[in-house]
Amino acid sequence: MWNPLPPWLGGRKGTHPVAPADPACPQLDEADIALTLQPWSTVVIDRPSPEVEPSPPAPEGAYHSDVECGGWSTPYVTLRVASVRGLSHRYYGKPRQDAAQAMAGDAVVLAVADGVSGAESSAWGARRVCEAAIGDALRQLRAGEAAVDWPTATSAAAAILHQDAAMWLGTGEADQAQTERLFATTLVAGTVRHTGEGISVSLCRVGDSGAWILTPATGHFQPVFGPKSDPGNALVDGTVRALPRLPQTLEQAAFSLGPGEVLLLGTDGFGDPLGEGDGPVGALFAKQLATPPTPLWLAHLLDFSRETFDDDRTLLAVWPRAAAVGTEEGVHSGR
Amino acid sequence: MPDVRGILLPAYVVADESGSMSACYQELTDGLTSLFETLRGEPMIAAKLRLAVLGFSDDVEVRLPLSDVRYEERPPTLSIRGATSYAAAFSDLLGRIPVDVAMLKADGYKVHRPVVFFLSDGQPTDRRDRDWQDPRSRLVDRDHTPAAPNIVAIGAGGADAQTILAVATRPEFGFVAVPGADLGRAISEFFQMLTASLVATGQAMASGNPEIVVRKPDPEHFRLAIDVV
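Each protein sequence line maps, in turn, to chains G and C. In this text, residue positions in the first sequence follow full-length UniProt numbering: the first is 1, and each later residue adds one. In this text, residue positions in the second sequence follow full-length UniProt numbering: the first is 1, and each later residue adds one.
Simulated from the structure, these hints should not be mistaken for lab results. No false leads were mixed into what you were given.
Derived lysine to any residue pairs resembling SDA-like cross-links, with alpha carbons at most 25 Å apart:
no.	chain 1	residue 1	chain 2	residue 2
1	C	K105	G	S305
2	G	K228	C	A102
3	C	K216	G	V240
4	C	K216	G	Y92
5	C	K105	G	V236
6	C	K105	G	V240
7	C	K105	G	P280
8	C	K110	G	E51
9	C	K110	G	L301
10	C	K110	G	T239
11	C	K105	G	R47
12	C	K216	C	V228
13	C	K110	G	V240
With the hints as extra help, turn the sequences into a complete structure.
As structure tokens, this is what we get:
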């Protein structure tokens, strides 16, 4: 039987769950603080990128902050999300063109998007497709659908881009090329639901953003979708697939998230340096995501410095909580 | 599988060193110096490029093997000599590019489609057209050469628009100097266009867009070859 109250609350009703102190952060008394408090140093992997003072981001429909992060828990899952402006965009005065959003309703609904740099206002496009895909998924669930129909949700995301493009252009409607030129963006969206058997996940994607199942105990990152480029190819694939263009067959996946597993959604700013997960980037995140970090710490980690990797980075992670998977194993302590 | 250390763009400057280029030797040298200085001032872009400089005439001389320019002490220099064998240039690239790409991959990098910036001031002196057209066709055939490059071709001086168009891999990648244009100015403009294109491509790639960006040269000095033929 699921007990909605965490053990450290001793079953006291009406008390909001409180996360335990982050073991990475030392507990300091007042006298210590002034002497020992140091800024977090950049996480450097291999050779660092140059350090640069960011330029102001060019406006793309709205202000897009350099960093966004957040996190919360439902009775069944804990979620953390962070998105950071890439070094190159900071240097050249472009905004963060990644976006990520998550909402909890009848299910936890997730979306991560990566605006295509060639589009004029892809930061806006990325934000809008996250909102639209999540909104449509929640609408479907509220209407009593057993599962989200992802072709419908991605069509809704494409439609919002066309609608915005028509407004921006001051025309009654915008065609595919006009909308692409303004707002082209990738999208990975999904639901995480508690069922009688555990946590079930349903995902879809358009473009080269990714999803993985991380097993921290082994450090293995299992990609949910195919690789960005065929590993047998001599060169990386130069094809950009993005909304508002809808694929003939939408990539979809459905699976259960087991105990000791973490669901990850991320843009290629994270996926490219991760590779197959067997290098230092994989090792860093496998260790740091063994338990849910604070949102700020996740954003700091994601802002690691490694030469040649300077795109925006976004990562959304979901951990099943103990009761959801029917075991204490693999669930962070205290939950 | 080893870790991915980065995604690199191999770029080849293939410059005509034939005797007719002697009048603009200083512009060639200055252009290479300017290219290096610009890339060194853009360390994020330079880190993602590997640049080679090849001089061709009767054969090909490697003035700079595929290198990380951030660690080069000085820019390479070209040497004026011989005739204008396009066959030598394309035969060399046909052997060189697959080896370079394999080497980068063995070092743990992923590789974007290479780009060649081809500069000539004259017509090929090869005996028959097919002597250079055959290796060029095999070089750009993605079935024959999986790492087939994009070729941006620039004709200055006596280069014929039709020939330059036949060298470039896309019509919008072929440029010829306007009639009567000063050769030295045209060479300088080539290097400005080359530098701007590499910087723009590097910026695009940093944002996850792997398309090559070719900055059009100053229309006062160059036109698209397709508009001239």
